[in-house]
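Residues per chain, in single letters:
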Amino acid sequence: MIHDVLNEKEITLGVCYYPEHWPKDLWESDFQRMKELGFTYVRMGEFAWTIFEPEEGIYDFTLFDEAIEVAKKYDLKVIMGTPTATPPVWVTEKYPEVLNVSQSGVQFKHGARRHYNYNSEKYQELSANIVNQMAAHFKDHPTVVGWQIDNELNCEINVFYSDADHHQFRQWVKRKYQTLDQLNDAWGTVFWNQTYTSWEQVYLTQPTVNDSHNPHQALDEKRFFSDSAIAFAKLQADVIRSHTNTQWITTNGMFKHLDNHQLTQNVLDFYAYDSYPNFNKIIPDDSKKPLQDRKWSFNLSNVRSFGGNFAIFEQQAGPGGWVNRIEQPTPKPGQLRLWTYQSIAHGADQILYFRWRTATKGSEIYWHGINDYHNQRNRRIDEIDQVSHEIKKIGSSLVGSSYQAKAAIVIDYQNEWDGEVDRWYGDFIDQSQEAWFKAFQYQHIPVDLLNIEQAKTVEDLNGYQVLIYPHAAILTKETANLFSEYVKQGGTAIFGCRTGYKDLTGQTYMMKHPGYLADLTGSTVEEYTLISPLQERPTVSLFHGDPVTTEGFNEVLSLEDSDVEMIGSFDNAYYRGKPAATKRKFGQGYAYYFGGVFSYDIAEQMLQDLHIQRSDALSLPEKVEIAIRVKENRTFYILLNFASSDQLITIHQKMVNIVKEQVLRGDYIMKAYDVLVLESQ
Amino acid sequence: MIHDVLNEKEITLGVCYYPEHWPKDLWESDFQRMKELGFTYVRMGEFAWTIFEPEEGIYDFTLFDEAIEVAKKYDLKVIMGTPTATPPVWVTEKYPEVLNVSQSGVQFKHGARRHYNYNSEKYQELSANIVNQMAAHFKDHPTVVGWQIDNELNCEINVFYSDADHHQFRQWVKRKYQTLDQLNDAWGTVFWNQTYTSWEQVYLTQPTVNDSHNPHQALDEKRFFSDSAIAFAKLQADVIRSHTNTQWITTNGMFKHLDNHQLTQNVLDFYAYDSYPNFNKIIPDDSKKPLQDRKWSFNLSNVRSFGGNFAIFEQQAGPGGWVNRIEQPTPKPGQLRLWTYQSIAHGADQILYFRWRTATKGSEIYWHGINDYHNQRNRRIDEIDQVSHEIKKIGSSLVGSSYQAKAAIVIDYQNEWDGEVDRWYGDFIDQSQEAWFKAFQYQHIPVDLLNIEQAKTVEDLNGYQVLIYPHAAILTKETANLFSEYVKQGGTAIFGCRTGYKDLTGQTYMMKHPGYLADLTGSTVEEYTLISPLQERPTVSLFHGDPVTTEGFNEVLSLEDSDVEMIGSFDNAYYRGKPAATKRKFGQGYAYYFGGVFSYDIAEQMLQDLHIQRSDALSLPEKVEIAIRVKENRTFYILLNFASSDQLITIHQKMVNIVKEQVLRGDYIMKAYDVLVLESQ
Amino acid sequence: MIHDVLNEKEITLGVCYYPEHWPKDLWESDFQRMKELGFTYVRMGEFAWTIFEPEEGIYDFTLFDEAIEVAKKYDLKVIMGTPTATPPVWVTEKYPEVLNVSQSGVQFKHGARRHYNYNSEKYQELSANIVNQMAAHFKDHPTVVGWQIDNELNCEINVFYSDADHHQFRQWVKRKYQTLDQLNDAWGTVFWNQTYTSWEQVYLTQPTVNDSHNPHQALDEKRFFSDSAIAFAKLQADVIRSHTNTQWITTNGMFKHLDNHQLTQNVLDFYAYDSYPNFNKIIPDDSKKPLQDRKWSFNLSNVRSFGGNFAIFEQQAGPGGWVNRIEQPTPKPGQLRLWTYQSIAHGADQILYFRWRTATKGSEIYWHGINDYHNQRNRRIDEIDQVSHEIKKIGSSLVGSSYQAKAAIVIDYQNEWDGEVDRWYGDFIDQSQEAWFKAFQYQHIPVDLLNIEQAKTVEDLNGYQVLIYPHAAILTKETANLFSEYVKQGGTAIFGCRTGYKDLTGQTYMMKHPGYLADLTGSTVEEYTLISPLQERPTVSLFHGDPVTTEGFNEVLSLEDSDVEMIGSFDNAYYRGKPAATKRKFGQGYAYYFGGVFSYDIAEQMLQDLHIQRSDALSLPEKVEIAIRVKENRTFYILLNFASSDQLITIHQKMVNIVKEQVLRGDYIMKAYDVLVLESQ
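Protein chains in written order, with the UniProt record's numbering: chain A, 1 to 681; chain B, 1 to 681; chain C, 1 to 681.
Calculated from the structure, these hints are not laboratory results. Treat each hint with caution, since some may be false.
Copies of one chain are not kept apart here, so a pair can be met inside one copy or by any two copies together.
What the hints assert, rightly or not - For lysine to aspartate or glutamate, the following EDC-like pairs were computed, each having C-alpha atoms within a straight-line distance of at most 16 Å:
{"no.": "1", "residue 1": "295", "residue 2": "622"}
{"no.": "2", "residue 1": "73", "residue 2": "420"}
{"no.": "3", "residue 1": "332", "residue 2": "536"}
{"no.": "4", "residue 1": "332", "residue 2": "527"}
{"no.": "5", "residue 1": "289", "residue 2": "420"}
{"no.": "6", "residue 1": "256", "residue 2": "152"}
{"no.": "7", "residue 1": "94", "residue 2": "200"}
{"no.": "8", "residue 1": "234", "residue 2": "503"}
{"no.": "9", "residue 1": "406", "residue 2": "460"}
{"no.": "10", "residue 1": "234", "residue 2": "152"}
For clarity, every value in this text was computed on a predicted model and none was experimentally measured.
If we strip away everything but chain A, and leave its shape as in the complex, we get (with noise of 0.2 Å):
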């Protein structure tokens, strides 16, 4: 538990800070008004290799020495950070061959940030080398409390394509595949003649004629650039672990191309994430009730997937962007507040800011920190001071408390990865994720992710009574298997189009689709077609209730056993009146499958038949979200109101807000983004 990791007895608040931009006659008042705001916990040194080791093999930390004595003064514990995210330029001069480098052969330089890549040999020894030399520095300063592995692993780019990484690539599949018949076999080489004859024939993808390459290597790469990412930082981390167990490691982020949970459990002590909701005044969203920076509950969400309770290391702090892109507004009055509960609802036991003040130079100097350039008090730190003595307050109430979840949407990364290129399923994915998500929120139920590949038994998912598995393409035996004791147990599992017909490599069975989970769901895939956008989109009727249109895909489902019910079908087409979606009674459980994408609407009608449990003790508007945690044997509401306008709850028994340390009940208004943490009594 991150809690325990840390050793703190409550939530703890802190902000990243960068003594090497500012003057060293701000730091006194600097560290000393961070305490003042109540915060403890400061992130240094992630940028600042060059002051580290300004030249090869010369080395010097009195500048954060310095710094970290200021801290201490004011009681701060120091996060540091590992400078490899923005190599020297001696580095990058010196060793052209760190650089990373596009498909198509372009080397990225010098002048923005993670423009290395992970496989070369060099790299590897110059970063192994500079944390080696400040683990050794720190390690024994007890206000350097933990570790941050470099900054935002594969932010700005995921892919990657020097000579080091085609050269490792090539060794990553001879490990994998022992023989190039396995390899040929895996990749399906006798299409298109592409065959390989010598390992030396073997690369990431290359530049082709209209971008299309090798889909089984395509996603080979991908794995690759996981496993690359994850070795990376594992370098780092042993380095760290080999001078000292009692400073943690983590590191930041959340990209793509990156296994989380592995990254999480196989190197890190715990996940950070960074949590800037405001990316939704970015995201164009057209769909039906956009969650906009709700929609950051299910990215916290996720994170929470890979090891229970974590930290923030960047929590949004006000407005953000670099100078050419990224721009986002300012949070409105209460946002920066309501952000910092939405964390802390999801699981962060630790919350940094990002960041203290506004840089006044660089590619980042809209990416504004708590302060603005002037450096005068302002409305964002008052709502920080505000935070920050509310979490003195109930913090350690809170603090370790358990996320309570009785549904869970499925995710892996195979089916991420694969159907990255594949247009036949890969968008579909995020949009049935998305359309579950909101119908859940606006349900008030709350919901978990479950990565399955972490699922070794039944057990792993019994905790559920509902599993939601939108698209999964890939899906193999072992997990079909999973699915059917699952139900048999009680679960109830719910399927979507195209699911099952494809193997790990990502080729298809020679089944009738769903493939493996056809004896679970009773029902297969009579035929299919795309919906393309020139096309008219047909609507789907479920449980008798209105035509919904469908998007993307339609499965004309036949229904093979005596015991499956068609709970919908279609309204038109050729295939009018066939079915679309199927439940069967399966062991004492229920299996859904429908032949399409999800919509919130259609989420939003399956929903109604689940019949999950949950707590009656409120009543909420749509616009107010609900996180209950529990700890020992209390339970806490939190209540988020996303809306700019007041909401009316209703509190049918008796609670206590344990920040004002009022009883309520009955109706009670909700301010625009104001916060409620409830305690049942």
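We have chain A; now place chains B and C onto it with these hints.
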């Protein structure tokens, strides 16, 4: 004639098959089921180079020998593909000079297909060698009856910028122009100081600022690409013919930058087209009354113009798509049959479906075959079974019959290629061709395409009452004379804006437009303007009809002779009231000139004035296409219902539905997507 | 003054001509017809390097000597272009280092124009040499009166990344910063660990992940590009001046990344602009009441700010366009005349039309000259003939007169260049400049552009009653003081959001906004937010007027002094009711601050409050532009009707139409596109 070449007495069906993809124990049942479906032909081998030649100089034909034996057992004739579309990785790794390169210098690597260039001497040598080995091996095998050269020449990519291409282009230019002075004249290099003073300075177009190249060089470049592809096909054809004179030779496809007329007439025994009408679902068409899948009738007419009746080597057999692109929905019930008859209606005497079974691996796992992954009977097999039974009945009657058309749309390659980079007329060609074709279709007037570059004398034109040549910017004095003679002898010729102002280099004549055609049309262009998207679009009224909006270009005409009639004028703009269209009796015929781009409405209005002879045997609704085929003294009417609904037709004279051997007269309801093959009595 | 330099007593006309393109037997009639059209000047030579120097070190001037002889015969004065815009292919093949290169490393090759870089020593040497040869040859030719250096510097491309550019940038940076510490400070390299530890590590911006570069480096890069272009022009000018002091020197164009003020004042005798108002038909403008071709008055005002009256070397003479881009429709009857007078109204004392005859070859066959391909009299020739006759009458009166403006829009290069990559204000500059210019235009208030970088003392500003400086993010203490002094002395200054928060490096001040200007405006920015496209746009009400929607940015202001007046507030968002605009009397004048981007509506509302002196001699409708020109004690009113319809004007005092020598008073109808040149009596 193709059926003479094939030595068949009926229309034959077949399928594409990849024995190398499937376990051998499937072969027997696969071929047996092909026979049961009435198939005669099976194509194989075109992506199997590494199987034939696993390493340089080592050959192994056993796998295909065995497959051919099984095919033979079920009376299937084998078409063997030469495998040059996908070089082995041992070729491209050992001889990277064989790879194609983008204009900006990115080399296309192993991983997809068609990543080679036609001009590498090494690739020519390796290709000639493997074709030689194959021809030597298969020439005496009676089951192997013909060859497909390569696969879809110029598909995926139709530009080539490897060193070999630059080098060979220099030789090509030397042969064409003999002296640098003549090159400089032809390319107008005096403009922008582009004058060449040594042959070594000459390349294919290279990267330039704003991606603008010398347009005359760009035109020659396309001629060179076409010549290169034809020479590459001829290299292979010559090798095959040195071994056999009984096995015929073709290639398949129809792609850009390739003079298919020359290719067919100089290299092939007949042409084979790949017909995928469901591509209409990935090509947006916001024109009035879009033709959708019926637009493939235009393509088929184009193929017919290469050399009469033809084959289809890939007839759409299901949904289509690569993993990451070109996704086409599932054909609706009846459409596979409809499209098969569409091919026959326009001149196909042999049809192979693509492909037997949907691939389970590689980029094309969604390019569905007749059989699904699961290999069990499905709706598509039923439909093809029906077609096959029908063709067995009527194929001997129809085979070798000729398509009857009294009108033709005139095409050529020079304007197609020059127009690619010329925004002042290039896009108009397609728009006007489609507008006219649509007008002819909806008026049930069968129409041919006529490549004017193939016309040697006026006799080649005289078969048509009307010729439409929409926007021949490049037009020589010889062609102008040909049209004058044609009209003089009674033909009707129709021209659109931008006609006749360029010579064969793409330079403009120093003459009033339409240049050498002004003598025939009797009208010249007083002034003109393009219609920018930010500009109001004037309307034009023809034959005192309703105003029609013009798009793209307006030419204000001047009547140069008293016998010229103004048949339309502009309704607005500063040239309102001025002539927009003229008509002139010239000799026994008529010359029309329209100073704009043809829309469907304008083509439709002009069509009323043309009085083209047409059959009064049938009254048809708009959505039903008619093709009239004649053989000896028999006349066949093939009716194709492209609508998703029933259509009422009226048969005015006794006809026989030769599929059902049923006499028909009077009203008749064609079902959605249905086909009727009638013979007049 | 340009007319002193030209030594002309009247406004003169001319044309661009390429003798090398045309058969010599056309020259005689061409030059004769130019004379008949009243032309005085002919420009030639600028794309003829290979004719002058067919191989390295071999020179041949005979073709142009002959052409000049014919020009002389018809009293035409020749402007000779140096030919460096299009290097010969023998140069680029022999010395590929002279070529320009894209940021990602693609070298631009022979085939278009402007594919060279300014910093190659070899290109400088070759350029100096050919200019030297030409100057030596033509210096004594009395018909050759002046020189155009190169052609359209920085047109087509204005970034340069060849090795020579990287190398020279390193030298430029060394000269500017002297030490690496100062470089590191200026570029803020401590951010993201970009610290340079050796000069050899410094380059122009290079390819980076997500195409994001150090913004301070990116700003210096543009300064370097400008300096490089100016140095290249100066190199040539110095060579010419070493031969002659009677032939004047200019260059033509007006493109980005070039300080045209410096160029004009340090290198040229006067500036020559290329005016193509029909470009408005290829630039979408969805703003309110778009200015269309009238927007070229803004460009002409910009040119006037370089150094007073100027020349036009390319005045649009017909439709325009390359083969593959920039396609502009045909000017309507009257527009060529209108645009000629537009140039004169804003300060052109010499106008050359581009070009004599439409090219028959090359990329610009659609960039129409006065003459069509067919070379016969046309509508455009008639119109230019009319203009020429009119200018003969009034040109001596108008020549050298001065444009009168009481208001100016303040411009500078630092913000233009920095704003290019800064999404937090860059786009606002153009929007606000256009909004204000439009408001001035429609209110008939003549306006200048004023480059604040040229202003040394307050005297340089005092001529204006009002200065609008919309979004000067970069603003030094010195400039702030200049404005304070200007206002103190009675001027009115208007600023928009994002003013004053950056220093000359592009780093942000650690001050409240608007930084050093806060003392003048008396208001500071309490908080701000950008308005994302996914966000609702608040409205603002100024002077209790109607609410106007804001775009892009909102600043909430804080009134810092009791003498500051809130003149507008936000109507909604969480800052409703808070100040959006302030006004303060400061000394004798007023300072306005608006916390937003200026729209036409807002500029229009503020304009009402400014009480700018204006002439009451005329009442004009919106679509008619007025320019007031003064010379000695004569005042001229040039009225330009940009409407396609008749416009009623009222003349309140006796005026003379000096073209028709007609006294006018009272109502008068201007025809569509008509021009009136009035002199007050």
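Verification of the hints:
1. Within a single copy, residue 295 and residue 622 get their C-alpha atoms as close as 14 Å, which meets the 16 Å cut-off; across copies the closest is 50 Å, which misses it.
2. Taking identical chains as interchangeable, the C-alpha atoms of residue 73 and residue 420 are never at most 16 Å apart, the minima being 50 Å within one chain and 44 Å between chains.
3. For the homomeric pair residue 332 and residue 536, the shortest alpha-carbon distance between copies (13 Å) is at most 16 Å, but the shortest distance inside one copy (41 Å) is not.
4. Taking the closest pair of Cα atoms, residue 332 and residue 527 come within 16 Å of each other only across two copies (11 Å); inside a single copy the shortest separation is 50 Å, beyond that limit.
5. For the identical chains of this complex, residue 289 and residue 420 are neighbours neither inside a copy (26 Å) nor across copies (36 Å), given an alpha-carbon limit of 16 Å.
6. Within a single copy, residue 256 and residue 152 get their C-alpha atoms as close as 11 Å, which meets the 16 Å cut-off; across copies the closest is 37 Å, which misses it.
7. Taking CA atoms no more than 16 Å apart as the test, residue 94 paired with residue 200 passes between copies only; the shortest distance there is 11 Å, against 28 Å inside one copy.
8. Taking CA atoms no more than 16 Å apart as the test, residue 234 paired with residue 503 passes in neither setting, with 30 Å inside one copy and 43 Å between copies.
9. In the homo-oligomer, the alpha carbons of residue 406 and residue 460 lie at most 16 Å apart inside one protomer (13 Å), although the nearest pairing across protomers, at 75 Å, exceeds that limit.
10. When the C-alpha separation of residue 234 and residue 152 is checked against a cutoff of 16 Å, the pair qualifies only within one copy, where the shortest distance is 15 Å, while the shortest distance between copies is 49 Å.
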